[in-house]
Amino acid sequence: MNEQERHNPGKGLAIAGESLFLLNLLFPLVALLPLAILYFRHRNNANLLVECHLKQPWITALFSTGLFLVINLVAAWSGAYSDLNDLVSIQSLVALEVYTLLVVLPLTIPGLLGLTKAMAGQCYRYPILGRFL
Amino acid sequence: MKYQSQKVAKLYFIAAIGLFVGQILFGLIIGAQYIWGDFLFPTLPFNQARAVHTNLLIVWLIFGFMGAAYYLVPEEAETDLVMPWLAKLMFWIFLAAGAATIVGYIVMPFADLAKLTQNDLFPTMGREFLEQPTITKLGIVVVALAFLANIGFTILKGRKTVINLVLLMGLTGLAVFFLFAFFNPTNIVWDKYYWWWVVHLWVEGVWELILGSILAFILIKTTGVDREVIEKWLYVIIAMTLITGIVGTGHHYYWIGTPEFWQWWGSIFSALEPIPFFMMTVFAFNMVNKRRRNHPNKAAVLWALGTAVMAFLGAGVWGFLHTLAPVNYYTHGTQITAAHGHMAFYGAYVMINLAIISYAMPLLRGREAANSNKSQVLEMWSFWLMTISIVFITLFLTAAGILQVYLQRFSDNPLPFMVVQSKIELFYVLRELTGLVFLAGLIVYVASFFVGSREPEATVEGEVVAAS
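Heads up: the protein sequence lines correspond to chains Z and Y, in order. Position one of the first sequence corresponds to residue 0 (numbering that gives the first Met the number 0), numbered consecutively onward. Position one of the second sequence corresponds to residue 0 (numbering that gives the first Met the number 0), numbered consecutively onward.
Derived by calculation from the structure, the hints in this document are not laboratory data. Note that the coordinates shown come from a computational prediction; the quantities given were computed from them, not determined experimentally. Cβ atoms here follow ideal geometry from the backbone N, Cα and C, with glycine treated the same way. Take the hints with a grain of salt, since some may be wrong.
Restricting the straight-line Cα-Cα distance to at most 25 angstroms, the calculated cross-link-like pairs of lysine to any residue (SDA-like) are [to be verified]:
no., chain 1, residue 1, chain 2, residue 2
1, Z, LYS54, Z, ALA35
2, Y, LYS191, Y, LEU271
3, Y, LYS191, Y, PRO83
4, Y, LYS231, Z, SER18
5, Z, LYS10, Z, GLY120
6, Y, LYS231, Z, ALA119
7, Z, LYS10, Y, LYS297
8, Y, LYS136, Y, PRO108
9, Y, LYS297, Z, PRO126
10, Z, LYS10, Y, GLU230
11, Y, LYS297, Z, ILE108
12, Y, LYS1, Y, PRO108
13, Y, LYS231, Z, GLY11
14, Y, LYS422, Z, VAL97
15, Z, LYS10, Y, VAL287
16, Y, LYS289, Z, LEU22
17, Y, LYS289, Z, GLY120
Which chain Z residues stay away from chain Y? Per the calculated CB distances, all over 12 angstroms, these [unchecked claim]:
no., residue
18, ALA15
19, LEU28
20, HIS41
21, ASN43
22, VAL69
23, ILE70
24, ASN84
25, LEU86
26, ARG124
Could you put together the complete structure from these sequences and hints?
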């Protein structure tokens, strides 16, 4: 345990939680698994910092991943991904744009602020979504 | 203010703000021309007014960068400027040349201006953003050389810090890449290819170094965080900027006649370009969260944080939206590009200039650390008015762009350009209205220099924290 950890236990976990949340926005599903492992291993941790920076990212990541799946299912239903040799179609491009504009854009800033607060060892509540958690 | 020679920065900052006002007024004029096509025609045709809008932007940002350099280099190098007189002389030459060029754009057609300035002898006019007559371009080179000599010798004479050296690297790059404005081949592919060496390698290359160093300087001064910590961040940010930005030039080479491999290189590297902006945001908030003191100049801290966030959104996210080759195939040159351009320029370069002006001006005007509370409240109002306006301008232009792509390039019966323009007019009206709010914000910003100037300066817990 380093000096910083002794002063502020759980800071590393908090940073990892927020980082994985941001990573999951960029690579949906890929970062969700390590975030899930982290969350289920530490969900009973009494440290307020860990609770704040693990529970929020986990639930919000589920929300963003859900939206990613819905957007892509709609794209697939309208004809994207029908030919695995030609994944780049107008439908898949629109899905990418919609996901970037409606999911990545509004969730990156809270994630980013959450990450910097975690790095400073402070709690942070996401706007709107954080109020329900 | 520690060094007398820093005072020359004030001239540059005042000129920058004056030209900024001009840029916004011309922006509103061309915004109106999108709605009423013959507005001010033939007195001021769209192409001329647009050139004034974009050229004023570039010139005032450069004035701001020069002012920033003249302010922060002596403080970082711990010595006076070697030639403050040269800085003043070059200011008046640059201002006179810039003003004469703008007047030229307004009062006569480009063809007449080209003839008047003997463009035939060494043709360089006629390209977007580089419309300046050759004689003006040569003047810019002289000013840039004198400026670099002044800054460079001051750094050589004094303390060498990471901030100074990164800034010098950025400013040298700015001057060097401008030289490609003189390269004007007849082959249009070659012409476009090297034209981007000025435009892209400025804003997605060397200007980011200038941005990073000014931001780092402001954060050191306002947060009191150790220089070593901030410098480490700066190293990583500029490395990422150059790694992604240089090859990222390829995203301009997709459809101009260059080999197809640029579609891969451009897509991959420019998709990574948001990374340095992301790091800059984490860096700025991290430093403010770890601050060792509360600086009384809250407005400067707000501008600094705003720069990081808005640059990430405008340059990073909005850039990514249309940077992949298959997406760009549809979106190229539409209002989506305009949306990205507006937010990226405002977020990255307008705001960093306003941040350093906000930090330095109170000191240049004889304050200990900050303006009065009243003045700062007004300045923060201007921050929100301008920032919220630009967000809405970007959203309206994005909506216009999406509709434009669909109607003009994707639908079963694609419509001609001008027909589509009339169909997306509603968004241009909304953009113009939001532009008026932006102007109101700018007026409030200018007023903040005069309102409350006689009141005592803001303090932290009843005590002035001197700028160190």
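Hint check:
Proposed proximity of LYS54 of chain Z and ALA35 of chain Z is supported: the alpha carbons are some 10 angstroms apart, at most 25 angstroms. Under the criterion of a C-alpha separation no larger than 25 angstroms, the hint pairing LYS191 of chain Y with LEU271 of chain Y is consistent with the structure, at around 23 angstroms. A hinted pair counts as satisfied when its Cα atoms are at most 25 angstroms apart, and LYS191 of chain Y with PRO83 of chain Y does not qualify at roughly 38 angstroms. Note on LYS231 of chain Y and SER18 of chain Z: the hinted pairing holds, with a Cα-Cα distance of about 20 angstroms set against a maximum of 25 angstroms.
Restraint check for LYS10 of chain Z and GLY120 of chain Z: satisfied, since their Cα atoms lie roughly 6 angstroms apart, inside the 25 angstroms limit. Annotation: proposed proximity of LYS231 of chain Y to ALA119 of chain Z holds, straight-line Cα distance about 17 angstroms (limit 25 angstroms). About 28 angstroms separates the Cα atoms of LYS10 of chain Z and LYS297 of chain Y, which puts this hinted pair outside 25 angstroms; it is violated. For the proposed pair LYS136 of chain Y and PRO108 of chain Y, the alpha carbon gap of about 19 angstroms is at most 25 angstroms, so the pair holds.
At roughly 23 angstroms between alpha-carbon atoms, LYS297 of chain Y and PRO126 of chain Z fall within 25 angstroms of each other, so this suggested pair holds. Of the pairs offered as hints, the one joining LYS10 of chain Z and GLU230 of chain Y holds, with about 23 angstroms between alpha carbons and a cut-off of 25 angstroms not exceeded. Distance check on the hinted pair: LYS297 of chain Y and ILE108 of chain Z sit about 21 angstroms apart at the alpha-carbon level, within 25 angstroms; holds. Between the alpha carbons of LYS1 of chain Y and PRO108 of chain Y the distance comes to roughly 48 angstroms, so the proposed pair goes past 25 angstroms and is violated.
For the hint linking LYS231 of chain Y to GLY11 of chain Z, the alpha-carbon distance of about 20 angstroms falls within 25 angstroms, and the restraint holds. For the hint linking LYS422 of chain Y to VAL97 of chain Z, the alpha-carbon distance of about 22 angstroms falls within 25 angstroms, and the restraint holds. In summary, the hint linking LYS10 of chain Z to VAL287 of chain Y is supported, as the alpha carbons are separated by about 18 angstroms, within the 25 angstroms threshold. For a cut-off of 25 angstroms, the pair hint linking LYS289 of chain Y to LEU22 of chain Z stands: about 24 angstroms separates their Cα positions.
Among the hinted pairs, LYS289 of chain Y with GLY120 of chain Z is consistent with the structure: their alpha-carbon atoms are about 9 angstroms apart, no more than 25 angstroms. Distance check for ALA15 of chain Z against chain Y: the nearest CB is about 15 angstroms away, which clears 12 angstroms, and the non-interface claim stands. For LEU28 of chain Z, the shortest C-beta to C-beta distance to chain Y comes to about 19 angstroms, beyond the 12 angstroms cut-off, and the non-interface label holds. For HIS41 of chain Z, the non-interface assignment is confirmed: its Cβ lies about 23 angstroms from the closest Cβ of chain Y, beyond the 12 angstroms cut-off.
The claim that ASN43 of chain Z is not at the interface with chain Y holds, since no C-beta of that chain comes within 12 angstroms of its own (minimum 28 angstroms). Under the 12 angstroms C-beta cut-off, the non-interface status given to VAL69 of chain Z relative to chain Y holds; the minimum distance is some 20 angstroms. The Cβ of ILE70 of chain Z lies farther than 12 angstroms from every Cβ of chain Y, with a closest approach of about 15 angstroms, so its non-interface assignment holds. Even its closest Cβ contact with chain Y, about 15 angstroms, leaves ASN84 of chain Z beyond 12 angstroms, as expected for a residue assigned away from the interface.
Its beta-carbon lying about 10 angstroms from the closest one in chain Y, LEU86 of chain Z breaks the requirement of being farther than 12 angstroms from that chain. Every Cβ of chain Y is farther than 12 angstroms from the Cβ of ARG124 of chain Z; the closest lies at roughly 15 angstroms, confirming the non-interface assignment.
Going down the numbered hints, you'll see the structure goes against 3, 7, 12 and 25, while the others check out.
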